[in-house]
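Participant: Chains A and B supply the protein sequences, listed in that same order. The first sequence begins at 645 in this note's numbering and counts up by one. The second sequence begins at 426 in this note's numbering and counts up by one.
These aren't lab readings, by the way, just hints derived from the structure by calculation. Quantities reported herein were computed from a predicted structural model and do not represent experimental measurements. Backbone N, C-alpha and C define an ideal beta-carbon position, used for all residues, glycine too. No false leads were slipped in.
Covered by chain B, according to a simulated footprint, are these stretches of chain A (three or more residues, beta-carbon under 8 angstroms): (1) 672-684; (2) 754-761; (3) 954-961.
The calculated BS3-like cross-link candidates involving lysine-lysine, where the alpha carbons are at most 30 angstroms apart (straight line), are: (4) B/Lys479 with A/Lys953; (5) A/Lys704 with A/Lys691; (6) B/Lys554 with A/Lys953.
From the derived model, a few chain A residues whose C-beta atoms are all more than 12 angstroms from chain B: (7) Pro705; (8) Leu790; (9) Ile794; (10) Val797; (11) Thr807; (12) Arg811; (13) Ala827; (14) Leu838; (15) Gly842; (16) Glu852; (17) Arg859; (18) Thr945; (19) Leu988; (20) Leu989; (21) Leu996.
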Amino acid sequence: MHAGRIAALGSVAELKQVFRGRAVVEVRTASPMAALRALDDLPTVEKTSPFGTALHVWLKPGVRDTEPLRRRLQDLGLAAESFEFVQPSLRRRVHGRRGARGGGRCMRKALAVGRKEFWQIVRDRRTLMILLFVPAFFLMLYGYALNWDIRHVRLAVADREHTAESRELLSSFANSTYFDIVASPASMEEIERLMDRGRIRVALVIPEGMTRDLRSGRHRDRAGRHQRRQREHGHRHLRVRPGHRARRVGVAAAATGRLAGGGAAHLGAAAHLVQPELQSTLFLVPGLIAFIVMISSVVSTSLSIVREKERGTWEQVRMSPISTPAYVVGKTIPYFFISLISALLIIAASMLLFDCRCGDRGSCCSPPFPCSSSAPSARGCWCRPWSTPRPWRSSSGS
Amino acid sequence: MPAVTVRELTRRFGAFLAVDRVSFDVENGEIFGFLGSNGAGKSTTIRMLCGLLKPTSGSATVGGIDVGRDPEGVKRRIGYMSQRFSLYELLTVEENITFFGGLYGLDNGRIAARRDFVLEMAGLTGREKTLTRDLAGGWRQRLALGCAILHEPSILFLDEPTGRCRPRVPPPVLAADRQALGAGRDGVRHDALPRRGRALAIASR
Chain A
645 MHAGRIAALG
655 SVAELKQVFR
665 GRAVVEVRTA
675 SPMAALRALD
685 DLPTVEKTSP
695 FGTALHVWLK
705 PGVRDTEPLR
715 RRLQDLGLAA
725 ESFEFVQPSL
735 RRRVHGRRGA
745 RGGGRCMRKA
755 LAVGRKEFWQ
765 IVRDRRTLMI
775 LLFVPAFFLM
785 LYGYALNWDI
795 RHVRLAVADR
805 EHTAESRELL
815 SSFANSTYFD
825 IVASPASMEE
835 IERLMDRGRI
845 RVALVIPEGM
855 TRDLRSGRHR
865 DRAGRHQRRQ
875 REHGHRHLRV
885 RPGHRARRVG
895 VAAAATGRLA
905 GGGAAHLGAA
915 AHLVQPELQS
925 TLFLVPGLIA
935 FIVMISSVVS
945 TSLSIVREKE
955 RGTWEQVRMS
965 PISTPAYVVG
975 KTIPYFFISL
985 ISALLIIAAS
995 MLLFDCRCGD
1005 RGSCCSPPFP
1015 CSSSAPSARG
1025 CWCRPWSTPR
1035 PWRSSSGS
Chain B
426 MPAVTVRELT
436 RRFGAFLAVD
446 RVSFDVENGE
456 IFGFLGSNGA
466 GKSTTIRMLC
476 GLLKPTSGSA
486 TVGGIDVGRD
496 PEGVKRRIGY
506 MSQRFSLYEL
516 LTVEENITFF
526 GGLYGLDNGR
536 IAARRDFVLE
546 MAGLTGREKT
556 LTRDLAGGWR
566 QRLALGCAIL
576 HEPSILFLDE
586 PTGRCRPRVP
596 PPVLAADRQA
606 LGAGRDGVRH
616 DALPRRGRAL
626 AIASR
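Same shape as in the complex, but just chain A (with noise of 0.2 angstroms):
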């Protein structure tokens, strides 16, 4: 195809067939463009092209005459130094129709500057090490250094109940790391008053007949209805006021609570089936690799670039005839590779050093990780519920 239309179609034989009757004449002359120019517009000639220093002209069908040729160039003083037929190749043909446009030819130069990159990285052990090894290490550095876990929130307790139910309760909230139960108020005043102190940022209270609903059942409306509005507002139903401070607290920091008796049973819901051990250490990876394949693609492509224009390679670079889509996905190539290559020691790190697993349900790496440079963000954006929620049941109830 040659311009979006057909040049010519059939096998290569068939091809080599319809050129067979073209004569194709090398001309070598001093000045090869003036010539190619003058030769063009000739009524014998079909076409013209620039080979090398010469010049190679297509003559009509059943034209071997070159007489013509010879004619033009003395008449505009261009004396030919030769004349000679020459039979190219069907690739020289078939290129001879097409032009120098190409996609092959795009194509060619692309991959001849992938192959440099490639191998100017392998040799540039510096950069290799930076592109393979420090995003391991920024994920230890994360991994160990940031941590956003909510642990020790001073709890206040207020159990009207006194059962064994929810004294069970209460030991779960006084077993976890996550509250320190630093208060036991009598009524909801005082509880107001702490927690305008500051010395409380929560309180549960246990009210009266708790142990009666759960075993009548009465609590799966109140779970369901917690459920709509957690679905509607996309977070746990805790109310707060600015200052993280708790207003109400009917139902509130439900969500780590289990009673004895092998069920589960619960007042509350949570939506967390990823990850539920809630370590906010695993969902920095995800999002690590995200940012590494950025850093690797784009950033480490663009200061390539700068590098060749501090070294003055550049300069030749822009002088030959390659377009800018060809360089820059020439480019990208041997990145895009090292930072598969650099996503997977990432992985292998998380799951030696931070117990993270992979490709189950709850993993915080899941498979479509060389997508990861279009993901938006680091917030453990892949980690997706893979399987709908289930309210939590009370032992007596199942």
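Fit chain B to the given chain A structure using the hints.
Facilitator: Chain B in isolation, oriented as in the chain A frame:
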């Protein structure tokens, strides 16, 4: 028709006038030397002729192509060797040749043929696997020259090709220049005044 035609070519950088209404012709087969002191505007003129810089005013044609209108067309037809060493030091001699061959869109067979020619012309046969950074200045320049003529351009621009060589120019560099320029090409080159002798040794005008 001359290979290079320059008419009233002017280039300004802000208030600074780098090239002021330059006019000249370079005939086919001519080796044209460009002499002048530092900052005289030689490199700027060459960069405009190569399509790297846009002229402020005036016109120039290289190989019959208007530089202002079709700089990419000019690039396809010329060879250019920068005054700075512009090859990749972390690549071997062979890899540099392969890379620039690919950049000019040559196919593998053509690259192989031209590689042999360049290695022989530059006297680097047997040193194909040597890293370019390990080559001496003169050898580097010869390799750069070889890479500039890989695609067999009809017009060759050399911007201080011996600028990074020691004061006594190695004869092979000049020989390589002559060999490259003498193969039916039109050459435009310049050298700084202290190296006038080198330019005169090559240029025919």
